[in-house]
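Peer 1: Given the structure of chain A, go ahead and fit chain B onto it with the hints provided.
Number of protein chains: 2
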Amino acid sequence: MTIEFYDLAGQDGRNFSPYCWRTRMALAHKGLDFEHRGTAFTAIAAAGGTAHRTVPIIVDAGKMISDSSRIADYLEAQYPDRPSLFGGEAGHALCKFVHSWTNAVVHPGVARSVVHDIYDHVRDEDRDYFRTSREKVFGQPLAAVQAGREDRLEAFRADLYPLRLTVRAQAFLGGERANYADYIVFGAFQWARSISDFRILADDDPILAWFRRCGELFDGLGRQAPGYY
Amino acid sequence: MTIEFYDLAGQDGRNFSPYCWRTRMALAHKGLDFEHRGTAFTAIAAAGGTAHRTVPIIVDAGKMISDSSRIADYLEAQYPDRPSLFGGEAGHALCKFVHSWTNAVVHPGVARSVVHDIYDHVRDEDRDYFRTSREKVFGQPLAAVQAGREDRLEAFRADLYPLRLTVRAQAFLGGERANYADYIVFGAFQWARSISDFRILADDDPILAWFRRCGELFDGLGRQAPGYY
Chain A
12 MTIEFYDLAG
22 QDGRNFSPYC
32 WRTRMALAHK
42 GLDFEHRGTA
52 FTAIAAAGGT
62 AHRTVPIIVD
72 AGKMISDSSR
82 IADYLEAQYP
92 DRPSLFGGEA
102 GHALCKFVHS
112 WTNAVVHPGV
122 ARSVVHDIYD
132 HVRDEDRDYF
142 RTSREKVFGQ
152 PLAAVQAGRE
162 DRLEAFRADL
172 YPLRLTVRAQ
182 AFLGGERANY
192 ADYIVFGAFQ
202 WARSISDFRI
212 LADDDPILAW
222 FRRCGELFDG
232 LGRQAPGYY
Chain B
12 MTIEFYDLAG
22 QDGRNFSPYC
32 WRTRMALAHK
42 GLDFEHRGTA
52 FTAIAAAGGT
62 AHRTVPIIVD
72 AGKMISDSSR
82 IADYLEAQYP
92 DRPSLFGGEA
102 GHALCKFVHS
112 WTNAVVHPGV
122 ARSVVHDIYD
132 HVRDEDRDYF
142 RTSREKVFGQ
152 PLAAVQAGRE
162 DRLEAFRADL
172 YPLRLTVRAQ
182 AFLGGERANY
192 ADYIVFGAFQ
202 WARSISDFRI
212 LADDDPILAW
222 FRRCGELFDG
232 LGRQAPGYY
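Which chain is which? The protein sequence lines are A and B, in order.
Numbering-wise (the numbering used here), the first sequence opens with residue 12 and increments by one.
Numbering-wise (the numbering used here), the second sequence opens with residue 12 and increments by one.
These aren't lab readings, by the way, just hints derived from the structure by calculation.
There's no promise every hint is true.
Stated by the list, open to error - Computed far set for chain B versus chain A, every beta-carbon distance over 10 Å:
(1) T13
(2) D131
(3) D214
(4) L219
(5) R234
What the hints assert, rightly or not - To spell it out: a stretch of chain A is covered by chain B in this simulated footprint if at least three of its residues, at any positions, have a beta carbon under 8 Å from a beta carbon of chain B; those stretches are:
(6) 88-100
(7) 183-195
Idealized CB from N, CA, C, for every residue including glycine.
Next comes chain A alone, as it looks inside the complex (with noise of 0.2 Å):
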């Protein structure tokens, strides 16, 4: 049975949420068929009911499961005998790692330089409450909190440099072959590639260049959704 994944949507066919897009690769790196379901924010509770209120959420033989880091652990459980996501305990437990730093250091990093971008490109109904809820985390408008990016960037750029260090010394984080620690960092890049053209890395950032492999997955997977870049 195809699964159902729940993604977030904005207008134009944007799929920016960076989580959407760590479970949308483990899908295909699985090889598994889904059926895509954008959703607006304000839908996403119709969809997932009161036990899941945030996307992804994927359907699966009946079963409803949310939350990136557990679809993850569930299809990596499920389908044991496709591509594994973390190849073993060790590979699981150092994602872990990698997902704290990309949580802690690329998000906020991101979420700074866009966070007006993506108010840009969220569905009409969607405005009220992306502005609302995140003025309230950020604490200040929008606009105001993503004005002056362009002074921030070298900062940020260099907070990159452990990921910058390790892409630069081999072709993926999971070596010769993505695995979910690629995903995990790739989601926050496409998240920006999908709502805005202000480019985080530099033209000739060894990152640059591992994004652009990871977008290749899946025959052109990340490179062919609707981005600026």
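Peer 2: Just chain B now, kept in the frame of chain A:
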């Protein structure tokens, strides 16, 4: 045949090199006996010749290997029947990210916090070499590099957040059991503990609890080494 292990040695049997600690823990992880050869900075050339200019160095069955990463790869390949350092290809690849993060974030923060304390603990014959070489790197006197460490501490602790998140949720970076990723990061904090009473980690920091867990491994190998806490 017992492996020879050339380790940096300061005063009072203090072995403070973070890279040598990676190797020492790796040897213990593999359950390999070794003869410990405490070596002054200025005695490395006599041990390693022109081909091996830094410690750690090991000599196994007449073969000399230097560089902690190369040594770990050698041990993993040479002793495949012993407990794995990496847990497979994905674990090995992800250790490179942990290595890059540790070298880019943890080592500079530790070095700026304790570099003058290192100077105070190197052997007499190493003092001129250490000061001259490190002042060239930092471009200022060692006391000036270290000055203000209290003021930098909050920011440095914040930089450690990805590690904190991870070891708060699981016992080791490697998961339920420690692996080489843990030894990479452990070496950095053991370096500081060996030669300084300056507390980089707060008493209630989950990273300190993880550091203690690592110190208990292999019959307390890390804990029993001379140190300030």
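Peer 1: Compare the structure with each hint and give your call.
Peer 2: Hints and how they fare:
1. T13: Holds: least Cβ distance 28 Å, greater than 10 Å.
2. D131: holds (30 Å)
3. D214: Holds, since 22 Å exceeds 10 Å.
4. L219: holds (17 Å)
5. R234: holds (23 Å)
6. 88-100: Holds: 5 residues of the segment 88-100 of chain A have a Cβ under 8 Å from chain B.
7. 183-195: holds (count 7)
Checked against the numbered hints listed earlier, the structure breaks none of them; every hint is satisfied.
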